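Whenever a hint applies, use it, and build me the whole structure from the sequences.
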Amino acid sequence: MSVDQIISFVRWEVFGFLGGLAAIIAYRLLNGQINTRYLFYGTQKDGAKYFSPERVQLLLFTLGVAIFYLNDVMEKRKSGALPDISTQTLVLLGGSHAIYLGGKAYMMLLKNIRKGEQ
Amino acid sequence: MLLLLLLQATQSAPPPVSPTVINLAAWVALGFLGLMGIAILYYVFAGKIDLGGLISEPSGEASMSRFQLLIFTFVIAASFFLIVVSKSGFPDPIPQGVLVLLGISSSSYLVSKGIQASSKQGLGPQESSVKVKGSQTTTTLGGQTIQFQADVAGLSDDTVTWTLDPPTGRGTIDQKGLYTPPPATQTDAHGKKVVIQAAAKEDVSVKDTVTIELL
Chain A
1 MSVDQIISFV RWEVFGFLGG LAAIIAYRLL NGQINTRYLF YGTQKDGAKY
51 FSPERVQLLL FTLGVAIFYL NDVMEKRKSG ALPDISTQTL VLLGGSHAIY
101 LGGKAYMMLL KNIRKGEQ
Chain W
119 MLLLLLLQAT QSAPPPVSPT VINLAAWVAL GFLGLMGIAI LYYVFAGKID
169 LGGLISEPSG EASMSRFQLL IFTFVIAASF FLIVVSKSGF PDPIPQGVLV
219 LLGISSSSYL VSKGIQASSK QGLGPQESSV KVKGSQTTTT LGGQTIQFQA
269 DVAGLSDDTV TWTLDPPTGR GTIDQKGLYT PPPATQTDAH GKKVVIQAAA
319 KEDVSVKDTV TIELL
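Top line first, the protein sequences correspond to chains A and W.
Numbering-wise (my numbering), the first sequence opens with residue 1 and increments by one.
Numbering-wise (my numbering), the second sequence opens with residue 119 and increments by one.
Check each hint, because a few of them may be wrong.
Derived DSS-like pairs: lysine-lysine, alpha-carbon spacing no greater than 25 Å straight-line [said to hold, decoys possible]: (1) W:Lys294 with W:Lys319; (2) W:Lys205 with A:Lys49; (3) A:Lys49 with W:Lys319; (4) A:Lys76 with W:Lys205; (5) W:Lys249 with A:Lys45; (6) A:Lys45 with W:Lys251; (7) A:Lys49 with W:Lys325.
In case anyone wonders, no lab produced these hints; they're calculated from the structure.
Only a predicted model underlies this, so the values are computations on that prediction, with no experimental measurement involved.
Right under this line is the structure:
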């Protein structure tokens, strides 16, 4: 029972758990057992639903950055340090979130203020 | 005697622990954590830990801000553990870019909830309802079929059960909401009314009705 065996066991344990959990979540998202209804829809103040392009772009940016970063980690894992994320990527992601939040705030709050409903 | 033993234990240096004991303790701890992980995965897989609302709002609608937070949490956690097992130690330091990424993701989620809380819709659950819509409220014996629609709000399952009152003698309705009036030969139904009801399958107490007059 060497230290190497313990490290190997930890490796399999952690990735077994994370991988298993990710696989279950992905499977349930795909077959509808995790609710994704209205994922791409926003809600106005009157409760009406509308298709929301800002949510679509946020998902695309999120998946893009996530895949890019995981790929970076796989390539540089031997260095023993988490790879940094470039400022440009962070600015892009921040912009994507700002568009999402701005759109949401506009539809739920400002749109009604402009109409004088609040 | 016990006091003397305690005094001796506090005054003397702790005896060295053998590597065998340390290894054994490590295996016991890892075994315990492994069993816990397996139990959690089993409960999630078997549905005893319900993940159905993992990215849902209290209203039952999915939330993009929760979804992106879930994705980034998984990615950074998996990356962190990958580095830990590759290096056999904690990555030091955690890059600022990673911290900023987690900050953007988390604060976007929080601001999103703040916007919702500032709105009339709020974070509370929507009142569930069913609304039946049809093109007409009168028809003739042997006349054309009428297609009804049921709009379900505030429930995760938007399917309904269609029924008639009275259930027989005044036409039929299928489970797609298509009403067929009685044939022209069924004169006893002339001038009568039939109530068409749509009840949500998820909660049968949530329902709506329309009345059709048979001319």
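Hints not upheld, ascending by number: Number 2 - this is the single hint that the structure violates.
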